[in-house]
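If you read the sequences in order, they're chains A and B.
Those letters in the first sequence? Residues 1 to 235, per the working numbering, in order.
Those letters in the second sequence? Residues 236 to 370, per the working numbering, in order.
No lab work stands behind these hints: they were computed from the structure.
Accuracy of the hints is not assured; some may be wrong.
[As the list claims (entries may be wrong)] Listed below are the simulated SDA-like cross-link pairs for lysine to any residue, each with C-alpha atoms no more than 25 angstroms apart in a straight line:
no., chain 1, residue 1, chain 2, residue 2
1, B, K367, B, K280
2, A, K6, B, Y258
3, B, K367, A, S219
4, A, K6, B, S352
5, B, K367, A, L15
6, A, K6, B, A305
7, B, K280, B, Y258
8, A, K6, B, K280
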Amino acid sequence: VPVDRKRLYLLGGALLGAGIVAAILIVVGTGGGSSGTTTSAGTATTTATPTASLAGIPQTGDTLGRAAAPVTIQVFEDPQCPYCKEWNVDTLPSVVANYVRPGKIKLVYRGINIVGPNSEYGLRAIYAAGLQSRLWQMVDQLYARQGAENSGWITDAVIQSAATAAGANPNSLMGAFPTAPVTKMWRNAENAATANAVRGTPTFVVQRAPALPTQLQLSALDPASFAAALDPLLQ
Amino acid sequence: VRLRASIAAAAVIGAGIAAYLTYVHYAHIAPICVTGGCETVQKSKYAELVGVPVALLGLFAYVAIIATTAVRGIEAAFAAVLLAFVGVAFSGYLLWAQLAPIGAICQWCLGNDLVISVVAVLCVARLLTEPKPSE
Chain A
1 VPVDRKRLYL
11 LGGALLGAGI
21 VAAILIVVGT
31 GGGSSGTTTS
41 AGTATTTATP
51 TASLAGIPQT
61 GDTLGRAAAP
71 VTIQVFEDPQ
81 CPYCKEWNVD
91 TLPSVVANYV
101 RPGKIKLVYR
111 GINIVGPNSE
121 YGLRAIYAAG
131 LQSRLWQMVD
141 QLYARQGAEN
151 SGWITDAVIQ
161 SAATAAGANP
171 NSLMGAFPTA
181 PVTKMWRNAE
191 NAATANAVRG
201 TPTFVVQRAP
211 ALPTQLQLSA
221 LDPASFAAAL
231 DPLLQ
Chain B
236 VRLRASIAAA
246 AVIGAGIAAY
256 LTYVHYAHIA
266 PICVTGGCET
276 VQKSKYAELV
286 GVPVALLGLF
296 AYVAIIATTA
306 VRGIEAAFAA
316 VLLAFVGVAF
326 SGYLLWAQLA
336 PIGAICQWCL
346 GNDLVISVVA
356 VLCVARLLTE
366 PKPSE
């Protein structure tokens with residue numbers, strides 16, 4: 001079937017037009033966006049880094065905050081999870097400043113493997129840091145070094161570097177990987193994930209005893225959205 | 236008619252992929268992923284264009300392509316080709332982004348690349364064979 005010339009011109013025009021439109025989109029996309037993979041890192045309501053915000057907060061094992069705090073939030077995360085990093089960087093400092101430090105809530109870290117096998121190595125390191133009361137700093141320092149999912153970025157060198165930055169002893173931390181207390185904290189997290197039907201990370205489970213635990217329903221991970229979801233449960 | 240139906244069917248698949256990725260974007264959940272890099276890609280700066288998820292833009296484009304299949308004529312065929320070509324070009328850019336700067340592959344993006352390529356080929360065939368109004 002012969003194709004008339006007009007249609008070939010139309011096809012050429014479409015090719016040219018699409019090229020121009022795509023080029024504009026790409027230029028706008030690369031020029032207008034923020035850099036890196038932490039696009040919303042600047043939206044935190046406090047300027048403190050997560051590690052700095054933890055100064056002076058009591059920490060025992062996997063728990064951050066006063067033991068007598070009336071409300072407990074279990075924080076389910078995976079060290080390879082980019083959204084967990086986003087929450088940790090953007091929102092954790094505000095949560096610590098507004099809820100944990102005044103003794104309103106305590107946070108329990110529930111690290112679980114969602115992304116892949118490399119997460120398990122990171123989780124061992126995190127729970128081992130808990131034996132030195134540096135678990136939450138270790139979580140933050142691993143996020144600060146986070147690479148692409150399942151790229152194998154959680155190496156001995158990364159763990160040692162993160163442990164040092166977290167204020168932990170890297171040698172005794174790595175020596176504690178196979179110990180029973182580390183395994184116990186990890187198993188507690190996995191059991192809690194099963195009990196609370198956790199299917200992704202980050203997930204936040206709030207409990208004010210004697211009420212049953214309930215998953216926090218978030219519209220977004222920024223401090224304002226987190227506070228909006230949490231405040232009604234603290235009434 | 237057969238070509239327009241084929242384009243619509245392929246575009247519906249593409250719209251499904253785009254709708255799913257738009258949903259997981261706004262729900263802040265990890266997409267189902269066997270390639271292991273979906274969340275990294277989704278969380279990268281390439282996942283948004285001026286604050287709008289590229290998945291949502293893709294959804295709009297697929298819906299527009301589907302709409303063109305409801306209309307006869309060379310104008311509608313031209314509009315579909317234009318949309319499909321933009322989609323192919325931008326998908327190519329995103330594929331490059333996955334392979335180079337991001338360093339992670341998202342299966343949903345690869346699926347979309349395949350679908351938009353098929354849609355583009357069908358749209359070209361339609362533009363070249365669409366009956367004239369008098370025919």
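(message) Between the alpha carbons of K6(A) and K280(B), is the straight-line distance 25 angstroms or under?
(response) Judged against 25 angstroms, a Cα distance of about 41 angstroms means the pair is violated.
(request) Decide if the proposed pair is consistent with the structure: K6(A) and A305(B), CA atoms, cutoff 25 angstroms inclusive. (result) holds (23 angstroms)
(request) Decide if the proposed pair is consistent with the structure: K6(A) and Y258(B), CA atoms, cutoff 25 angstroms inclusive. (result) Given that 25 angstroms is the threshold and the Cα spacing comes to 41 angstroms, the pair is violated.
(message) Hinted pair, alpha-carbon criterion (25 angstroms max): K280(B), Y258(B). Please report holds or violated.
(response) Cα-Cα ~17 angstroms, so holds.
(message) So if I understand the rule, the pair passes when the alpha-carbon distance is 25 angstroms or less; does K6(A) with S352(B) pass?
(response) Holds, at about 24 angstroms.
(request) Quickly compare the C-alpha distance for K367(B) and K280(B) to 25 angstroms and report which way the hint goes. (result) Cα-Cα ~44 angstroms, so violated.
(message) So if I understand the rule, the pair passes when the alpha-carbon distance is 25 angstroms or less; does K367(B) with L15(A) pass?
(response) holds (22 angstroms)
(message) Next pair to validate is K367(B) with S219(A); report whether the Cα-Cα distance is within 25 angstroms.
(response) Roughly 50 angstroms separates the two Cα atoms, so the pair is violated.
Figure legend: structure checked against the earlier numbered hints; hints not met, in rising order: 1, 2, 3 and 8.
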